[in-house]
Amino acid sequence: MAVDINKLCTDICSPAYIFSEDDFDARATLVKNTFGENVDLCFSIKANPFLLNVMPKSFSKVEVCSPGELDVCKSLGVPPEMIIFSGVNKSEEEVRLALQYGVRNITAESRRHVEYINSCALEMNIKCDLLLRLSEESQFGIDGRELLEYIKNRDKYEGFRIVGIHYFTGTQKRRPSAIVKEIDKFMAYIDKVESETDYKIEKIEYGTGLAVDYFREDALQEEKSRIEEIAPKIQELAKKAELTVEMGRFFAAPCGYYVTEVMDTKINNGVHYAILDGGIHQVKYDGQTQGMQIPEITHVKRNLSKDETGKGSNKWTLCGSLCTTADVIARSAEFIDLQCGDVLIFHRTGAYSMDEGISLLLSRDMPSVYILDKTNELRKVRSRVDTYKYHVPDNI
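Sequential numbering from 1 applies to the sequence shown in the numbering used here.
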């Protein structure tokens, strides 16, 4: 993040999130260049809806999984032809709203989805493109045998064309060999479908589930190695049909920064504690257990306090503002001369971290959000949000 630290400390009221447009663009470009021009990229916006406003040109599609996410796209003017309307729970009304907006690419995860996507399209006198999601031992998608039957009987549905298969089995896959094995299994299923029907799959939407490393110094290189290792297999899959690779966390995580201020320091039973104006309700790292794993943290000294508690180099337990002993962001994080008023910047918080926390607990304000644009200017895109109102009955 190339931002002037002094400017950050004077212009931003913590706690806050900063999302870097350059970092997001660089990540998308890395993936595009590694997988090849013939592979389309899809951003799963649940990872961070604020990034929709700074979408790199490397993306050709966005995945939308709820009516709320669809409303976000409408508000920002996202072209409907870019949207793949997905999600395990779609109501008939939600499908209708997507079609009314102009969305024509929809996934189906059940018999019910298939039936009312068809009926809604017929009712509106349109024909959409349908991707059947293949299940892999979870609640998501359609059993492989059932999916095959839909393809065999595809001519009975006049509201859509079955154009292909959506396949995503899970996130945070660290071993490239596991992804390669998964793709081989998927390609074998594609061969089975095409050999047992007169159907040629036109499109594939595949979610790699590539892992993001939050707690290692060589994270960027490790992640780059992963995508390079699976790239040949991605190219092999791309020969089967028009391929779109869908990811959220892998694209968004590296571009986010969480800014929080040290409000108090103390030593209890020999342990140095720093109380922050944020907490676990606002920042979350996948795989972290009770703050035992330490992410990358930048310490910004502001010299606002003369307190001697943090003098010298010490290992600190970083705690938030919630009234629970569980509110520990990191343990044994080492800092030099940590004082009240100093700012801590937590790296790699661009995906899910902003939305996965228990944000309404204690009626704490939700942080403001900033975009660091390509001119190195900070642009506020959301002010702090009062949450107390969500705990007050409507009719009082």
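Keep in mind the hints are simulated off the structure, nothing from the lab. Keep in mind that this is a model prediction, so the values were computed, not measured. Do not take every clue at face value.
Label-pair restraints from in silico Cβ distances [as the list claims (entries may be wrong)]:
1. Asp184 - Ile267: 51 to 57 Å
2. Cys13 - Lys239: 32 to 38 Å
3. Arg384 - Val271: 26 to 32 Å
4. Arg145 - Glu334: 54 to 60 Å
5. Asn153 - Lys389: 46 to 52 Å
6. Asp71 - Lys239: 33 to 39 Å
7. Tyr390 - Ile267: 46 to 52 Å
8. Val180 - Asp71: 33 to 39 Å
9. Glu115 - Cys323: 47 to 53 Å
10. Asp286 - Gly68: 36 to 42 Å
11. Asp286 - Val381: 21 to 27 Å
12. Val88 - Asp373: 18 to 24 Å
Below, a list of computed lysine-lysine pairs in the DSS-like style, where the Cα atoms sit at most 25 Å apart [said to hold, decoys possible]:
13. Lys192 - Lys181
14. Lys240 - Lys152
15. Lys46 - Lys266
16. Lys311 - Lys374
17. Lys192 - Lys284
18. Lys284 - Lys240
19. Lys152 - Lys185
20. Lys185 - Lys127
21. Lys266 - Lys311
22. Lys61 - Lys266
23. Lys240 - Lys185
24. Lys173 - Lys284
25. Lys224 - Lys200
26. Lys200 - Lys181
27. Lys57 - Lys374
28. Lys57 - Lys380
29. Lys203 - Lys192
30. Lys32 - Lys203
31. Lys311 - Lys46
32. Lys127 - Lys173
33. Lys374 - Lys32
34. Lys233 - Lys32
35. Lys239 - Lys192
36. Lys173 - Lys152
37. Lys127 - Lys152
38. Lys240 - Lys173
Glycine included, each C-beta is placed from N, C-alpha and C at the ideal position.
Tested hints:
no.	hint	in the structure
1	Asp184 - Ile267: 51 to 57 Å	holds, 56 Å
2	Cys13 - Lys239: 32 to 38 Å	violated, 52 Å
3	Arg384 - Val271: 26 to 32 Å	holds, 31 Å
4	Arg145 - Glu334: 54 to 60 Å	holds, 55 Å
5	Asn153 - Lys389: 46 to 52 Å	holds, 51 Å
6	Asp71 - Lys239: 33 to 39 Å	holds, 38 Å
7	Tyr390 - Ile267: 46 to 52 Å	violated, 36 Å
8	Val180 - Asp71: 33 to 39 Å	holds, 38 Å
9	Glu115 - Cys323: 47 to 53 Å	holds, 49 Å
10	Asp286 - Gly68: 36 to 42 Å	violated, 22 Å
11	Asp286 - Val381: 21 to 27 Å	holds, 24 Å
12	Val88 - Asp373: 18 to 24 Å	violated, 35 Å
13	Lys192 - Lys181	holds, 17 Å
14	Lys240 - Lys152	holds, 19 Å
15	Lys46 - Lys266	violated, 38 Å
16	Lys311 - Lys374	violated, 38 Å
17	Lys192 - Lys284	violated, 41 Å
18	Lys284 - Lys240	violated, 38 Å
19	Lys152 - Lys185	holds, 21 Å
20	Lys185 - Lys127	violated, 31 Å
21	Lys266 - Lys311	holds, 12 Å
22	Lys61 - Lys266	violated, 49 Å
23	Lys240 - Lys185	holds, 13 Å
24	Lys173 - Lys284	holds, 18 Å
25	Lys224 - Lys200	violated, 33 Å
26	Lys200 - Lys181	holds, 23 Å
27	Lys57 - Lys374	holds, 14 Å
28	Lys57 - Lys380	holds, 23 Å
29	Lys203 - Lys192	holds, 16 Å
30	Lys32 - Lys203	holds, 18 Å
31	Lys311 - Lys46	violated, 42 Å
32	Lys127 - Lys173	violated, 36 Å
33	Lys374 - Lys32	holds, 20 Å
34	Lys233 - Lys32	holds, 15 Å
35	Lys239 - Lys192	holds, 16 Å
36	Lys173 - Lys152	violated, 33 Å
37	Lys127 - Lys152	holds, 19 Å
38	Lys240 - Lys173	holds, 23 Å
Consistency note: the structure conflicts with the earlier hints numbered 2, 7, 10, 12, 15, 16, 17, 18, 20, 22, 25, 31, 32, 36.
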